[in-house]
Amino acid sequence: MSDSVLIIGGGVCGIQAALDLADKGHHVYLVEKEPSIGGRMALLDKVFPTNDCSICILAPKMITCFNHPNVDVLTCSEVVAVKGKVGDFKARVRRKARYVDEDKCTGCGSCMEECVLAGKIPDEWNEGFGTRSAAYIPFMQAVPRVAIIDSERCLLLAKDKCKKKCVDACQRGAIDFEQKDVVETIDVGAIIVATGLTIYDPTEVTEYGYGRFDNVIHSMEYERLINASGPTGGHLKRRSDGERPKRIAYIQCVGARDVRSGHPYCCSVCCMYATKDAMLAYMHHDDTKNYILYTDLRAFGRGFDEYIKRGKEEYGIEYIRARPGEVAEDPETNNLCVWYDDTESGGVKKLEVDMVVLSVAFVPPPGLKELASVLGINIDEYDFFKAIDDMLAPMDTDVPGIYIAGACTRPMDVTDAVTQGGGAADRAARAIKEHGRKSPANAGAGR
Amino acid sequence: MASIEPEIVAFTCNWCAYAGADYAGVSRIQYPSNVRIIRVMCSGRVEPSFILKAFEEGADGVLVGGCHEADCHYISGNLKARDRVESTKELLALLGLGSERLRIKWVNANEGEAFASEMDDFVKVLSKLGPNPLKKSRKSAPPTFPGFEQIMKSTNAYLCVECGKCTASCPVARRDEDFSPRAIVEESLEKRRTETETGRQLWECLTCRTCEQRCPYNVRFSDFIRDSRVEARTLGLDGNPTQSGQMYSWMRMMARDGLKQDRLSWLNGLKVKHKATAKNDVMFFVGCLPHFDISHRHIGSNTLDIAKNSIAILNAIGITPVVLPDERCCGHDVLYSGDTRSFEALAKKNAEAIRDAGVNRIVVSCPEGYQTLGQAYPAVIKGWNVKVMHLSELLAARIEAGKLMFKKDINMKVTYHDPCRLGRYMGVYSEPRKVLQALPGVELVEMEHHGPDAVCCGVSSWMSCGATAKSIQLSRLSEARATGANLLVTCCPKCQIHLRCALSGKVPGEREDFEIAIEDLTSLVAKSLDVGGDN
Chain A
2 MSDSVLIIGG GVCGIQAALD LADKGHHVYL VEKEPSIGGR MALLDKVFPT NDCSICILAP
62 KMITCFNHPN VDVLTCSEVV AVKGKVGDFK ARVRRKARYV DEDKCTGCGS CMEECVLAGK
122 IPDEWNEGFG TRSAAYIPFM QAVPRVAIID SERCLLLAKD KCKKKCVDAC QRGAIDFEQK
182 DVVETIDVGA IIVATGLTIY DPTEVTEYGY GRFDNVIHSM EYERLINASG PTGGHLKRRS
242 DGERPKRIAY IQCVGARDVR SGHPYCCSVC CMYATKDAML AYMHHDDTKN YILYTDLRAF
302 GRGFDEYIKR GKEEYGIEYI RARPGEVAED PETNNLCVWY DDTESGGVKK LEVDMVVLSV
362 AFVPPPGLKE LASVLGINID EYDFFKAIDD MLAPMDTDVP GIYIAGACTR PMDVTDAVTQ
422 GGGAADRAAR AIKEHGRKSP ANAGAGR
Chain B
11 MASIEPEIVA FTCNWCAYAG ADYAGVSRIQ YPSNVRIIRV MCSGRVEPSF ILKAFEEGAD
71 GVLVGGCHEA DCHYISGNLK ARDRVESTKE LLALLGLGSE RLRIKWVNAN EGEAFASEMD
131 DFVKVLSKLG PNPLKKSRKS APPTFPGFEQ IMKSTNAYLC VECGKCTASC PVARRDEDFS
191 PRAIVEESLE KRRTETETGR QLWECLTCRT CEQRCPYNVR FSDFIRDSRV EARTLGLDGN
251 PTQSGQMYSW MRMMARDGLK QDRLSWLNGL KVKHKATAKN DVMFFVGCLP HFDISHRHIG
311 SNTLDIAKNS IAILNAIGIT PVVLPDERCC GHDVLYSGDT RSFEALAKKN AEAIRDAGVN
371 RIVVSCPEGY QTLGQAYPAV IKGWNVKVMH LSELLAARIE AGKLMFKKDI NMKVTYHDPC
431 RLGRYMGVYS EPRKVLQALP GVELVEMEHH GPDAVCCGVS SWMSCGATAK SIQLSRLSEA
491 RATGANLLVT CCPKCQIHLR CALSGKVPGE REDFEIAIED LTSLVAKSLD VGGDN
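These protein sequences, in sequence, are chains A and B.
Quick note: the first sequence uses my numbering, first residue 2, plus one each step.
Quick note: the second sequence uses my numbering, first residue 11, plus one each step.
Hint data in this document are derived by calculation from the structure and do not stem from the laboratory.
There could be a bad hint or two in this list.
If you want the footprint, here are the derived chain B segments under chain A, 3+ residues with CB under 8 Å [to be verified]:
| hint | region |
| --- | --- |
| 1 | 182–192 |
| 2 | 226–237 |
| 3 | 445–454 |
| 4 | 459–465 |
Here a beta-carbon is modelled for each residue, glycine too, at the ideal position from N, C-alpha and C.
Please model the complete structure; the sequences and the hints are all you need to start from.
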């Protein structure tokens, strides 16, 4: 029997759940597959409807969570097996080798600078804009701010052939190529799944030219470009020529509300974030003209409708009710021509812009099905985790003691994810109280 | 036989032949009363469709009368009439009606005798020939409409959210502001069906499935149009068929009983058989290739070569295909223009002939035939379990298995135009490309719109050919031209005809922006295998 809780996924939802439980005195294992906690929100520039800086809100929570005496943050880790029942789960967690000693590394970045592959690997944390080394820190505000060595790219690990400049550069002797993956068993009384979302790959919507035309980007790429800590220092630049786009079209519902892509649902946030994106472009340069081409404007939350209104009135955003048919490129200027049917006035029109941003669907993250089978919980028709009752028990699964929260249950915004994280924490605490008995606190068992 | 009274339709020109017939009358020259005279301003006005329509309606003979050569009041209308009559005779021979049933005669305004003696002779010949074989067979009944609710449900039209992606994707809507797939579905959703049924727009759709390909809610607009045309047809409405409907005439004729076709005279030297002798025997479905070769000769179509080359290619890879002497039109065009009765009759006749020949595998070179036999027949023919494949699929499989060796270097940069039926309907995109890339010396370059995004050739089901179609064709050609290729390859005889047609007349701007040679895939393959006709 254990009153500890395993939380899978260290995004804003998992962090919230971890903090709530830890403050109540429960021990929490926060398992995160990536080298840093923070999830999607850590990569966003601003959040709607207040236009607050995203990382400014999140970073304090990330640090508090990481340093909380009742929280063990296990990064680079995945849950591979779960046995037992509520009050007494045994979870097997694979902790992948980081090849850097977390306790020694200070996050100074010398290894990154000295790595022979510096500047040669596309940076997935910046959606491929910019580059990184094989030894790197994912992003500036990463928690823990500790380097990691990419075992697939690192010449020594992948090809056994390198000058090991990183080892020489590290004054703390933190780099340890002898590290191995380890599988640990942890005892917990309840489990919260908060693995979040991934975004739809718009390449298959061939008519919009993503992947073919340099200046067609998706919304996550846009977030990194406009982000002050992103690859361009917050300067919006076209991939084709590095110029600042003065006319931007945002195409909504790409891969969402689309039965062909298998995602017929509304993602519920894109109308808002596209408005935010357009506002940001205008805030950076007020000669930017923004067009949002939408199917239906779904601004249903508190302050959302007013947000759209501000978008129109203060930021000059033009909302056009149309789902474009095609994006074409002028091969000389790399400008884009968006063909759409203006459904309000009627008639096919074309819009010339410098950049097209595709508001892509939120889709279940890779590995979700495997995790569901490890946990023995169900998934819904769209491959999100399935609650036993969407309305009255939205965080409960078929397995007592296992709860789901956040965007791994359906697309949702930060507010909802935080709400669900708190809710799931409460459900987990209650389950332990009902089914478990207090066990001696064994903080640090996971280390 | 001798007792029949042949019915003759005579199209006579206002200036000479009609006047000649009139002269015979006022001069009280006796001639058989079997003729019904239709006056036209010039014999050049007589289109093949008029002649075919007369036969379709049961005429035993048709005479076209015009001025003597060099006497035409419109300079050369009579010469055009002469050429048309000649080619229409070939069509009549193919159809099994016999070329003797059609005549052209130059008659001057004072040649009453000549008119009368021509009639005497014609009646004699026709009496000997016997009646038009279609006279006794029944025409297809008007189609029955499946019902509005049925259309809306089966095409997912109720799911439409009116986002306009269809209209913004449609090649017609970009050029014709009155045409909008979204607006058409909207009309139906709002129960304003009459506007859809009676509107010109119903017939403008190319049923090319570009909109369907992109529709987020899977509204099957092409089927929606097809079925709505059935509805329009029950109201007695029709679209504007090209060549004033001559193709439809012969298709409808083929749907009827009594026709004894003579459609295989071009097979000399090619190895074929008429019945399957082994379990795995393959039939080659010829379709309308010999007919289009005649009807579109004026724009230099050589669609018969596609048939010849296909069979030569099959022979070269060790296949002696079954070719049916009484094969009919596959029925694609009548189906997509809403004439479901004729389609069902054609499908039934073909299915019977195919079954009688013991065939269970068919190779088709024409994407429309492929789609119709593969997708539409199973819906109307019970127990239709024939495996249908496109020639490119067969060839690609052989190439992949290393069983196909090409001899001649083609040495060309080519681009490939995906036909709607082969691509968006049947999902065959890679096979024709595999075949092209396997040809020695062929460099394949892609157009801006290719694969599922390929733009239609501008006309479908011989319907609504006009400025919109021409504009679509020219922009397609300029896309092909922009690739730097020196040859545009396609797999569809109709794509070839439509694109060649666009180049056959005047083009806006510089000709070199559009001009590109167009060939069927089979022609390149045959060349590289060093078989088939020289084209």
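Outcome of the hint check:
| no. | hint | in the structure |
| --- | --- | --- |
| 1 | 182–192 | holds (count 5) |
| 2 | 226–237 | holds (count 3) |
| 3 | 445–454 | violated (count 0) |
| 4 | 459–465 | holds (count 3) |
Going through the hint list in order, the structure does not satisfy hint 3, though it satisfies all others.
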